[in-house]
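These are the residues of each chain, in order.
2 protein chains.
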Amino acid sequence: MRQSQLFTKTRREAPKDEVSRNAQLLIRAGYIHKEMAGVYDFLPLGLRTLNKVIQIIREEMNAIGGIELNLSTLQSPELWQKTDRWDEKKVDSWFKTRLQSGGELGLGFTHEEPLTALMREHITSWRDLPVYAYQFQTKFRNEVRAKSGLMRTREFLMKDLYSFCKNEAEHIACYDRVSDAYVRIFERAGLGNKTYKTFASGGSFSQFSHEFQTVCKSGEDTIYISKENNIAINKEVFTEDVKKKLNLGENFIEEKAIEVGNIFTLGNRFSEPLGLAYTDEQGNNVPVFMGSYGIGPARLMATVAETFADGKGLVWPEDVAPFRVHLVELSGGEAEIKKEADELYRNLTDAGVEVLYDDRDLRAGEKFVDSDLIGIPMRIIVSQKSLAEGNFECIERATGHTAYKSLPELIGQLTARL
Amino acid sequence: MRQSQLFTKTRREAPKDEVSRNAQLLIRAGYIHKEMAGVYDFLPLGLRTLNKVIQIIREEMNAIGGIELNLSTLQSPELWQKTDRWDEKKVDSWFKTRLQSGGELGLGFTHEEPLTALMREHITSWRDLPVYAYQFQTKFRNEVRAKSGLMRTREFLMKDLYSFCKNEAEHIACYDRVSDAYVRIFERAGLGNKTYKTFASGGSFSQFSHEFQTVCKSGEDTIYISKENNIAINKEVFTEDVKKKLNLGENFIEEKAIEVGNIFTLGNRFSEPLGLAYTDEQGNNVPVFMGSYGIGPARLMATVAETFADGKGLVWPEDVAPFRVHLVELSGGEAEIKKEADELYRNLTDAGVEVLYDDRDLRAGEKFVDSDLIGIPMRIIVSQKSLAEGNFECIERATGHTAYKSLPELIGQLTARL
Numbered sequence: 001m002r003q004s005q006l007f008t009k010t011r012r013e014a015p016k017d018e019v020s021r022n023a024q025l026l027i028r029a030g031y032i033h034k035e036m037a038g039v040y041d042f043l044p045l046g047l048r049t050l051n052k053v054i055q056i057i058r059e060e061m062n063a064i065g066g067i068e069l070n071l072s073t074l075q076s077p078e079l080w081q082k083t084d085r086w087d088e089k090k091v092d093s094w095f096k097t098r099l100q101s102g103g104e105l106g107l108g109f110t111h112e113e114p115l116t117a118l119m120r121e122h123i124t125s126w127r128d129l130p131v132y133a134y135q136f137q138t139k140f141r142n143e144v145r146a147k148s149g150l151m152r153t154r155e156f157l158m159k160d161l162y163s164f165c166k167n168e169a170e171h172i173a174c175y176d177r178v179s180d181a182y183v184r185i186f187e188r189a190g191l192g193n194k195t196y197k198t199f200a201s202g203g204s205f206s207q208f209s210h211e212f213q214t215v216c217k218s219g220e221d222t223i224y225i226s227k228e229n230n231i232a233i234n235k236e237v238f239t240e241d242v243k244k245k246l247n248l249g250e251n252f253i254e255e256k257a258i259e260v261g262n263i264f265t266l267g268n269r270f271s272e273p274l275g276l277a278y279t280d281e282q283g284n285n286v287p288v289f290m291g292s293y294g295i296g297p298a299r300l301m302a303t304v305a306e307t308f309a310d311g312k313g314l315v316w317p318e319d320v321a322p323f324r325v326h327l328v329e330l331s332g333g334e335a336e337i338k339k340e341a342d343e344l345y346r347n348l349t350d351a352g353v354e355v356l357y358d359d360r361d362l363r364a365g366e367k368f369v370d371s372d373l374i375g376i377p378m379r380i381i382v383s384q385k386s387l388a389e390g391n392f393e394c395i396e397r398a399t400g401h402t403a404y405k406s407l408p409e410l411i412g413q414l415t416a417r418l
Numbered sequence: 001m002r003q004s005q006l007f008t009k010t011r012r013e014a015p016k017d018e019v020s021r022n023a024q025l026l027i028r029a030g031y032i033h034k035e036m037a038g039v040y041d042f043l044p045l046g047l048r049t050l051n052k053v054i055q056i057i058r059e060e061m062n063a064i065g066g067i068e069l070n071l072s073t074l075q076s077p078e079l080w081q082k083t084d085r086w087d088e089k090k091v092d093s094w095f096k097t098r099l100q101s102g103g104e105l106g107l108g109f110t111h112e113e114p115l116t117a118l119m120r121e122h123i124t125s126w127r128d129l130p131v132y133a134y135q136f137q138t139k140f141r142n143e144v145r146a147k148s149g150l151m152r153t154r155e156f157l158m159k160d161l162y163s164f165c166k167n168e169a170e171h172i173a174c175y176d177r178v179s180d181a182y183v184r185i186f187e188r189a190g191l192g193n194k195t196y197k198t199f200a201s202g203g204s205f206s207q208f209s210h211e212f213q214t215v216c217k218s219g220e221d222t223i224y225i226s227k228e229n230n231i232a233i234n235k236e237v238f239t240e241d242v243k244k245k246l247n248l249g250e251n252f253i254e255e256k257a258i259e260v261g262n263i264f265t266l267g268n269r270f271s272e273p274l275g276l277a278y279t280d281e282q283g284n285n286v287p288v289f290m291g292s293y294g295i296g297p298a299r300l301m302a303t304v305a306e307t308f309a310d311g312k313g314l315v316w317p318e319d320v321a322p323f324r325v326h327l328v329e330l331s332g333g334e335a336e337i338k339k340e341a342d343e344l345y346r347n348l349t350d351a352g353v354e355v356l357y358d359d360r361d362l363r364a365g366e367k368f369v370d371s372d373l374i375g376i377p378m379r380i381i382v383s384q385k386s387l388a389e390g391n392f393e394c395i396e397r398a399t400g401h402t403a404y405k406s407l408p409e410l411i412g413q414l415t416a417r418l
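Order-wise, the sequence lines are chains A and B. Mapped onto the UniProt record's numbering, the consecutive letters of the first sequence carry residue numbers 1 to 418. Mapped onto the UniProt record's numbering, the consecutive letters of the second sequence carry residue numbers 1 to 418.
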């Protein structure tokens with residue numbers, strides 16, 4: 001994309017009411033716009049980045065047999081009354097609204113109820129199980145205090161997968177498969193070595209659930225990491241009893257962390273009240289054994305932003321960056337340099353490389369400041385100097401490392417993993 | 001995808017409360033699920049089809065310089081009060097809700113206000129214009145009577161593009177470009193020869209807007225088509241005065257039609273009250289001249305469904321079908337046939353062809369009934385008979401035309417346009 005076509009402008013200062021680092025940087029760089037506290041718009045750069053995160057998650061969900069669908073936001077009370085989650089004294093995060101034609105509706109904050117009810121039409125026999133269904137869907141949560149930029153918002157995209165299994169043994173195998181997929185997702189998003197599978201409080205059907213927690217100073221959670229076991233315990237369940245039970249030794253490091261994912265055994269919590277059962281091989285009617293598994297793509301994007309940003313701005317890992325290359329021409333109006341840059345842009349995009357091309361008529365200093373702020377992994381500069389060198393000047397955003405490369409070298413490097 | 005992995009089951013009867021043909025068929029074939037009146041979930045087949053429609057629209061919007069973003073659902077009153085669209089006496093389709101922390105919010109039924117306000121941070125000079133920004137975003141409309149299945153719903157995805165131009169002349173050029181893009185979209189969706197650009201009522205800044213209307217017996221609108229001019233007039237403006245003014249002669253055919261798109265000149269309707277202005281080349285402060293352009297992807301999908309369906313079920317045109325091929329094996333448990341079908345499935349998917357593979361252990365009759373209902377363009381049957389032929393039996397869903405083809409012939413045909 002030509003930057004002259006990208007309507008967003010960077011800004012030197014974040015809005016005064018924005019205190020979180022992720023939102024400050026993402027607003028300054030033109031990735032997001034704050035609509036109100038806890039509600040953000042995604043501008044072109046932000047939407048591209050979010051879509052990269054979504055695509056990583058989708059691929060990993062598909063790889064374990066997940067099947068994608070999309071449920072509605074508007075929810076009618078009946079189902080939620082059956083599971084005792086309609087009453088605002090029980091669930092305080094509802095946004096509710098009214099139909100003109102009469103009757104109250106809610107905006108879904110999660111989707112166990114409608115999906116469980118829907119599955120009654122499709123799951124009847126042991127032959128129909130297991131099913132792993134997931135969606136990328138916007139949730140609404142009436143947070144009293146929205147905070148931490150994209151980390152805790154009132155409206156947010158969620159990847160929620162729900163598993164439907166014959167019994168606990170089948171469920172555990174599924175739970176472990178999703179857990180492994182989550183490890184790959186955080187790895188691909190660049191957070192692999194900072195993210196810990198973490199014991200957290202469970203529910204009626206299991207003592208623990210698991211969270212995936214990324215170590216980050218601004219995190220809301222506190223976790224205790226056992227480095228030798230590569231696992232952590234959330235402060236909420238970090239008791240002597242639990243430590244003994246889990247047998248993880250005595251060496252724990254306390255860290256602040258951001259919950260980037262969670263996996264949860266639901267058992268029959270929803271299938272029983274909603275009547276989702278199947279006939280087993282012996283002809284018995286058995287409730288379906290369920291689990292749920294969430295990742296917030298925008299929260300993950302914000303965690304990546306906050307983890308890697310430096311004093312100059314954002315620093316995206318390759319797989320989630322909005323573009324792979326930021327091509328900056330310093331022609332100062334000179335036709336020969338402009339032509340060289342145009343040609344490189346065409347050659348790279350023809351080779352399938354995603355390029356943001358700064359073709360704007362601005363001074364080098366301004367272009368570099370913008371480029372640092374936007375944080376695309378590789379900057380390629382086409383200038384009088386690079387023309388004289390006969391090669392292109394390439395600078396890694398993360399390290400500042402500079403090298404001169406020929407077109408074939410560049411294409412080889414940039415398309416190696418396409 | 002293996003059909004044994006697709007959890008949805010087809011059904012012989014639509015739910016009794018569903019009277020529209022598109023929803024009856026889409027529910028029976030397992031594409032959608034009705035959550036309540038005017039609110040539908042998209043099941044895997046439905047989501048795939050919807051995504052095909054979305055991708056066609058996205059490609060055509062990008063081709064005319066559109067840039068994609070995504071705005072929030074939750075809307076705060078201030079902006080909408082400035083344009084006098086907050087009051088429910090003025091706009092009766094709001095769903096409204098309340099923050100726990102105090103204050104009323106609305107669920108966006110359109111996005112002129114927030115996008116216009118947002119653009120104030122990015123558009124300041126004539127150099128910044130024009131901008132064409134669009135999104136695929138879920139709208140909420142508090143319809144008193146939801147009806148016609150996916151045609152008029154309370155929650156629906158909308159592609160809404162907004163244009164920001166320097167003046168009316170620049171706007172008209174943009175308007176015509178979007179109009180041409182819409183023609184290509186309906187063409188690609190298979191509705192080209194049934195869809196008419198249609199004069200409809202305008203607003204303060206133009207006498208007319210334009211709708212794209214697809215002729216269909218169940219349509220809610222009435223249009224008058226001038227075949228010789230390949231254009232139509234909506235009943236709401238079909239007066240002697242208008243006919244004279246447009247100079248379209250006297251030959252009109254009255255038809256029922258579905259509005260599948262609309263394009264609208266907004267002028268300064270939103271930029272003035274919200275203060276979106278730019279500095280022109282002479283240093284004057286000038287309000288930005290706007291337009292808006294909508295297509296509902298699910299309504300378009302439903303229109304395609306309703307247009308082509310026959311007595312046996314859905315009939316998708318190639319470009320919007322959830323899969324290109326429905327591979328049906330009739331092995332009856334015979335290993336040799338099963339192996340042949342498995343191999344064909346692998347060969348086709350390896351070649352990039354999207355295949356739904358009916359590998360279920362069912363009788364031929366049941367598989368064919370399902371296949372007709374689901375409506376994938378080409379059915380390929382692997383059976384004792386095809387094995388004896390040495391070729392695969394291919395049946396076109398739309399025509400019933402049958403031919404025997406070799407693997408190279410099939411791959412050649414199916415990948416010709418990939």
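A portion of the hints provided could be inaccurate.
Which copy is meant is left open, because identical chains are indistinguishable; a pair holds if it fits in one copy or across any two.
Keeping only pairs whose Cα atoms sit at most 30 Å apart, straight-line, the calculated DSBU-like set for lysine-lysine is [claimed, not checked]:
#  : residue 1 : residue 2
1  : Lys-139   : Lys-82
2  : Lys-217   : Lys-227
3  : Lys-96    : Lys-244
4  : Lys-338   : Lys-166
5  : Lys-90    : Lys-139
6  : Lys-89    : Lys-139
7  : Lys-385   : Lys-235
8  : Lys-147   : Lys-96
9  : Lys-405   : Lys-147
10 : Lys-367   : Lys-405
11 : Lys-227   : Lys-139
The hints are simulated quantities; they were obtained by calculation from the structure and are not laboratory data.
Status of the hints after comparison with the structure:
1. Proximity of Lys-139 to Lys-82 under the C-alpha cut-off of 30 Å is found in both arrangements, the shortest distances being 21 Å within a copy and 28 Å between copies.
2. In this assembly of identical chains, Lys-217 and Lys-227 lie within 30 Å of each other by CA distance solely inside one copy; the values are 18 Å within and 68 Å between copies.
3. In this assembly of identical chains, Lys-96 and Lys-244 lie within 30 Å of each other by CA distance neither inside one copy nor across copies; the values are 44 Å within and 51 Å between.
4. Proximity of Lys-338 to Lys-166 under the C-alpha cut-off of 30 Å is restricted to the inter-copy arrangement: shortest distance 27 Å between copies versus 64 Å within a copy.
5. Taking the shortest alpha-carbon separations for Lys-90 and Lys-139, both the intra-copy value of 18 Å and the inter-copy value of 29 Å come in at or below 30 Å.
6. Taking the closest pair of Cα atoms, Lys-89 and Lys-139 come within 30 Å of each other both inside a single copy (20 Å) and across two copies (29 Å).
7. In the homo-oligomer, the alpha carbons of Lys-385 and Lys-235 never lie at most 30 Å apart, since the shortest distance is 56 Å inside one protomer and 66 Å across protomers.
8. Proximity of Lys-147 and Lys-96 under a CA criterion of 30 Å is satisfied in both settings, with 21 Å inside one chain copy and 23 Å between copies.
9. Neither within a single protomer nor between protomers do Lys-405 and Lys-147 lie at most 30 Å apart by alpha-carbon distance, with minima of 44 Å and 61 Å respectively.
10. For a Cα distance limit of 30 Å, the shortest separation of Lys-367 from Lys-405 inside one copy, 21 Å, qualifies, whereas the shortest one across copies, 58 Å, does not.
11. Proximity of Lys-227 to Lys-139 under the C-alpha cut-off of 30 Å is found in neither arrangement, the shortest distances being 34 Å within a copy and 47 Å between copies.
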